[in-house]
Every structure is written in structure tokens, then in C-alpha cells.
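Just so you know, we're using the working numbering here: the sequence shown kicks off at 1 and counts up by one.
Now the in silico label distances, taken between C-beta atoms and shown as ranges:
id, residue 1, residue 2, range
1, N103, A73, 15 to 21 Å
2, G84, D124, 32 to 38 Å
3, V167, F71, 39 to 45 Å
4, V141, V167, 15 to 21 Å
5, D63, D152, 37 to 43 Å
To be clear, the hints were calculated from the coordinates, so they are not data collected in a lab.
All of these numbers come straight from a predicted model, not from anything done at the bench.
For each residue, glycine too, the CB sits at the ideal point set by N, CA and C.
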Amino acid sequence: MELDLDIEGDPGDGALVLSLHSPAAAAQVAPVQAVMDQRGRQFAPTLLVVPVGSTVAFPNSDDIRHHVYSFSAARRFELPLYAGGNAEPVEFPEAGVVVLGCNIHDWMQAHILVMDTPHHREVDPGVPTEHWIEAPPGDHVLRVWHARLAGDAPWIEQSVRLDDAEVLRLPLALTLTPPQGPALSEDAQLRALQERFRALRKDP
Numbered sequence: 001m002e003l004d005l006d007i008e009g010d011p012g013d014g015a016l017v018l019s020l021h022s023p024a025a026a027a028q029v030a031p032v033q034a035v036m037d038q039r040g041r042q043f044a045p046t047l048l049v050v051p052v053g054s055t056v057a058f059p060n061s062d063d064i065r066h067h068v069y070s071f072s073a074a075r076r077f078e079l080p081l082y083a084g085g086n087a088e089p090v091e092f093p094e095a096g097v098v099v100l101g102c103n104i105h106d107w108m109q110a111h112i113l114v115m116d117t118p119h120h121r122e123v124d125p126g127v128p129t130e131h132w133i134e135a136p137p138g139d140h141v142l143r144v145w146h147a148r149l150a151g152d153a154p155w156i157e158q159s160v161r162l163d164d165a166e167v168l169r170l171p172l173a174l175t176l177t178p179p180q181g182p183a184l185s186e187d188a189q190l191r192a193l194q195e196r197f198r199a200l201r202k203d204p
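Taking the hints into account, I'd like the entire structure generated from these sequences.
This is the structure:
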């Protein structure tokens, strides 16, 4: 059946990720091999959704080195300075939200959502007709994630029961934090990088 969300509040920009969780759904998860590239001094994509147990490769398509890391509880790791595709793929054995950064280029950020359910989809928050997700009838936990979701929790969570009805409509209040400023231009990125190296040379 289909769960249709009536989202209230500022839909903002960037993708919403809708997911429905249950023990039965967790038993259906199958790992995959995915890719999080680095191009133009940015992660590509900035949002990657993978099943639990998946491995993610982190090739570097730039002509400069990157230093990828995550301090997230769901998966802590570090890929020291490297170029090309010679970094070891990283496995993600636990469900949760993983925030990525580059230790050299502070403006680079991306998210990996590790899912313990096959019932998930990314939707455009500005297109109301896309606020739906399909799953078998039964008891589920609905989670709604957005990169700028306000509050301490990584997602909005609510228990739902899906029966044999064709569509269940559910209201959902969405509050997002203000967006960050515009992305840095290449010149601004270079200046920020130069300032970072100057600061490092001044350290005792």
C-alpha cells in the first residue's frame, strides 16, 4: 500500500528521505557496492542512501588530494590524503546517518544514510505529489530525514500502521534550520585553502 504525507511548513531545498522500518523490512536488506566521488572540490553525490552492510568506494576525480573522514557514531573512519581511486572502500555495517567531510577543504560536506529497510525513497520537498512511499501492510516506523532538519534528532520518527487501504494520508510538520550561504567560488575555495595552510605553518 501507499503512505502519502501532507507536509506542513517550509519544504526548503535538498532532498527528503522517507523510510518505513520494521523487523520484516530489516530481514529483506541486501548490501550493495556504491560510489561517493569527489569532483570540483565537492562530494558527488552530496546524499547517498545505501543498505546496511554496503561498501562505498571514494574515488578522487580531482587533480588535487582529498582527506575524507567521518566522526559519526554510525561509522567513524578516515581516508588520509590521497588522489585517484586508490583509497580502500569503506563498509557500513550499522544503520544511521554518516556525515562526511574533507580535512583539507572545509566546505566539502555530504551525507550517507545507511538503511535497515528496503522501503525508502528520496523525494523533492517542493513537489507535493512526490510525498509518498510504498510498503506492505503492517506496523512500521516512519522516518523522515533532511540535511537541515531542526532539533537534536537526525530524523522525524512516527509509528504508523498500514492496512489494506490503497492510500493512507498522514500530516507531518517539517521545520528546517536556515540554509547555509552560497557555495564558495573556485577563487574563494583557493583563498580558504591558502589561509588554512598559512595557519598550519604558524602552528608550533
